[in-house]
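Enquirer: Each chain is listed here by its residues.
2 protein chains.
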Amino acid sequence: MPCYTSPVHAEIIAIGSELLTPHFSDTNSLYLTEKLNEIGVDVAFKTVVGDNPDHLTSVAKIALSRADILIFMGGLGPTEDDLTRECVAAAIGREVRRDPELVHQLHERFAKLGRKMTENNEKQADVIDWAEVLPNPLGTAVGQWVDYEHDGAKRYIMLLPGPPHEIKPMFDEQCLPRLRERVPKRFLATRVLKIAMMGESQCDQRAAPIYKRFPDVQTTILAGAGDIQLRLTKSADSLEAAQARVDELAGLLEDELDDFVYSSHGESLEQIVGYYLQMRGATLAVAESCTGGLLSERITKVSGSSRYFVGGAIVYANEMKTLFANVPPLLIEQHGAVSKEVAVALAEGIRDECRATIGVGITGVAGPTGGTEAKPVGLIYVAVATKQKTDVVERRVPGDRARIRWWATQQALDMVRRALI
Amino acid sequence: MPCYTSPVHAEIIAIGSELLTPHFSDTNSLYLTEKLNEIGVDVAFKTVVGDNPDHLTSVAKIALSRADILIFMGGLGPTEDDLTRECVAAAIGREVRRDPELVHQLHERFAKLGRKMTENNEKQADVIDWAEVLPNPLGTAVGQWVDYEHDGAKRYIMLLPGPPHEIKPMFDEQCLPRLRERVPKRFLATRVLKIAMMGESQCDQRAAPIYKRFPDVQTTILAGAGDIQLRLTKSADSLEAAQARVDELAGLLEDELDDFVYSSHGESLEQIVGYYLQMRGATLAVAESCTGGLLSERITKVSGSSRYFVGGAIVYANEMKTLFANVPPLLIEQHGAVSKEVAVALAEGIRDECRATIGVGITGVAGPTGGTEAKPVGLIYVAVATKQKTDVVERRVPGDRARIRWWATQQALDMVRRALI
Chain V
1 MPCYTSPVHA EIIAIGSELL TPHFSDTNSL YLTEKLNEIG VDVAFKTVVG
51 DNPDHLTSVA KIALSRADIL IFMGGLGPTE DDLTRECVAA AIGREVRRDP
101 ELVHQLHERF AKLGRKMTEN NEKQADVIDW AEVLPNPLGT AVGQWVDYEH
151 DGAKRYIMLL PGPPHEIKPM FDEQCLPRLR ERVPKRFLAT RVLKIAMMGE
201 SQCDQRAAPI YKRFPDVQTT ILAGAGDIQL RLTKSADSLE AAQARVDELA
251 GLLEDELDDF VYSSHGESLE QIVGYYLQMR GATLAVAESC TGGLLSERIT
301 KVSGSSRYFV GGAIVYANEM KTLFANVPPL LIEQHGAVSK EVAVALAEGI
351 RDECRATIGV GITGVAGPTG GTEAKPVGLI YVAVATKQKT DVVERRVPGD
401 RARIRWWATQ QALDMVRRAL I
Chain B
1001 MPCYTSPVHA EIIAIGSELL TPHFSDTNSL YLTEKLNEIG VDVAFKTVVG
1051 DNPDHLTSVA KIALSRADIL IFMGGLGPTE DDLTRECVAA AIGREVRRDP
1101 ELVHQLHERF AKLGRKMTEN NEKQADVIDW AEVLPNPLGT AVGQWVDYEH
1151 DGAKRYIMLL PGPPHEIKPM FDEQCLPRLR ERVPKRFLAT RVLKIAMMGE
1201 SQCDQRAAPI YKRFPDVQTT ILAGAGDIQL RLTKSADSLE AAQARVDELA
1251 GLLEDELDDF VYSSHGESLE QIVGYYLQMR GATLAVAESC TGGLLSERIT
1301 KVSGSSRYFV GGAIVYANEM KTLFANVPPL LIEQHGAVSK EVAVALAEGI
1351 RDECRATIGV GITGVAGPTG GTEAKPVGLI YVAVATKQKT DVVERRVPGD
1401 RARIRWWATQ QALDMVRRAL I
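Chains as they are written, first to last, in our numbering: chain V, 1 to 421; chain B, 1001 to 1421.
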């Protein structure tokens, strides 16, 4: 992976002692990174520091020496622990001054909410000398923007609030336009290819000879259980030039990986299955044993899924398999609940019971207990029954309960997709 | 939140350019922080840096100046981008030397896997002068431990591999024992109270006057949709002393919050509902409309749930409500699918169909589309039917589709719990 493609580097600094506990992690920085990358800025450092004035001031000084863009997140509230304003001011040798207009606005804001403003809240009206105030319609803490020069080099410094729903609009609407005016113009083009039910090394073996011929395009492989994302990005002086290269590579990869690619613009497998079902005027019903509702949950996570998903049954106990999907008790007795035959009967039974076009049946051993030598943990059967035929697949899935269950639903969705191609 | 309770501070440094993209975040540090806190060490800084030798060396030097314990994660592989060994050595003014015994072990490891070792892999046998090698049975990159002195102060430096399944056992088995010998003995006691279906501010209003009387116990509130965690931790010279204070505070908070507290040792709501069902010899069946399988999925995520969960139905289409849960079509016509009456009929119907002790019915508008003035997005009905009675609750849940669905399942689980108390 090429390290830096841009001459302009940012450091993102998250402030708050809670971010140094085992319970919280900084998620804002991923969002900001994506937006910075889009305008051609690379993130070179990320730092997390607690509510300690010495630490925070020293972190600010270090950032000044090594990054062009400094983004401070958090520490703008009214409490004693909120020190970002003072410490950044100290690091750049400026003062903070209480802005009477902001004090007035704070009082008005509290009055509107019918609450009395306590003294300490006035602190949120402290502004670093010559900083621009970034209004915050969603909270009491305003942001600040500072243009600064450090050893003859330009520095763009932002003080932003920590809550995600405050920082995102403030960054998008107030910081990005300012940055666009100040940094050299770069455009970023991105494509995401998604691949189902292919091993990561098998995928890379086929894809690498192709993407290696495009060293100017950054290719990142993200692999999950039964799901791979190939992310292609390129930055260039013009969006057309960047997009053309990314599209060219995406096309070649799609040719090579063929129908393993289920989506080429970032859609989820659930969404793609939904599109296909609607396109074919088909409906879906499912009977889940070991996945316990996860398949239904994934399908119905998509808004509007009621147009093609009629419903289904969680057939955890054997009697439920008979009650809801009409599986003959004798069949379960003969082959066991975890068997190819029962998966097929579940798929066909639920299809008929629900009068759907397509039925899915899943049975297996999700573990960690309940495995036997003949039917070990990780053994799953997935069947998909259309009007024409029923396909069934047997797999041994490695991993824990969550992974086995996820993998079975991934297999099921991919089989439905392939049945509709 | 008190900032630092310990005199020994750590800095955790994650290395890898991929960690500076929008797609990856460092998750190892949360695990390490928990383990460090347990032996009385606070984390004072977290840094993420890319595969750039100048950046990495300078980050190492900065960490030496401000932390007692330096944990470097990643950058120990065989590629050109793997620079942690060289850069840490440079920062502390030492050399790296190729260890012939480690080279031999690498060759053996590859031979065992039936693969030829490429030249570049030998790099993984480079050891910083006077460092202790930390064997890695789960990968090719060994770790390294360095005892160092900086300006007369002791520094403990660890170089650890990036993959979570390699770093965790290496840290637990090889680093923690070394740290325990070197840092002043501190013991950490923790209790987690979990609270369902109570607002965060309402909870804090009742809890704060109590936990504020225990300034020596660190109280952290984590709030999700319909779920609050109160985490109580205290470090002290003896585990008994720490535990006694934490237990005392936990007891007082439990008295105050009463039956809103569903778990006092960290169990999930799904697990607690499972315990109660087993304790009462009861069984559960569910009929889900707007939650689309999420409730079943949460219940069956718990291993062994087949002992009390018989199954249920996803009754997305109206006909499914009739087919699986025996809801009279006329009832749906009269009151609408999203109504108190249909929720009750679903709960009672699925209970009877599945011959379970308890039945749950959920119906609602998860959005973002499908809302009307009379039945807006976020309106949900949850009913729980036991043999004795049926309870039903109507709620307007703010938020997006995912939050509304989660909230409805949380409400359902809490109602089942309360029915079993």
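Any given hint could turn out to be false.
[Unchecked claim] Distance condition first, Cα-Cα at most 25 Å in a straight line; then the derived BS3-like pairs of lysine-lysine: (1) B:Lys1061 <-> V:Lys116; (2) B:Lys1116 <-> V:Lys212; (3) B:Lys1301 <-> V:Lys61; (4) V:Lys340 <-> B:Lys1301; (5) B:Lys1116 <-> B:Lys1035.
Don't read these hints as lab results, they were simulated from the structure.
Enquirer: Now tell me if each hint is right for this structure.
Expert: How the hints compare with the structure:
Annotation: proposed proximity of B:Lys1061 to V:Lys116 is violated, straight-line Cα distance about 48 Å (limit 25 Å). Of the pairs offered as hints, the one joining B:Lys1116 and V:Lys212 holds, with about 23 Å between alpha carbons and a cut-off of 25 Å not exceeded. The straight-line distance between the Cα atoms of B:Lys1301 and V:Lys61 is roughly 48 Å, outside the 25 Å bound, and the hint therefore fails. Restraint check for V:Lys340 and B:Lys1301: satisfied, since their Cα atoms lie roughly 23 Å apart, inside the 25 Å limit.
As the CA atoms of B:Lys1116 and B:Lys1035 are separated by approximately 38 Å, the hinted pair breaks the 25 Å bound.
The structure is inconsistent with the numbered hints 1, 3 and 5, although it conforms to all the rest.
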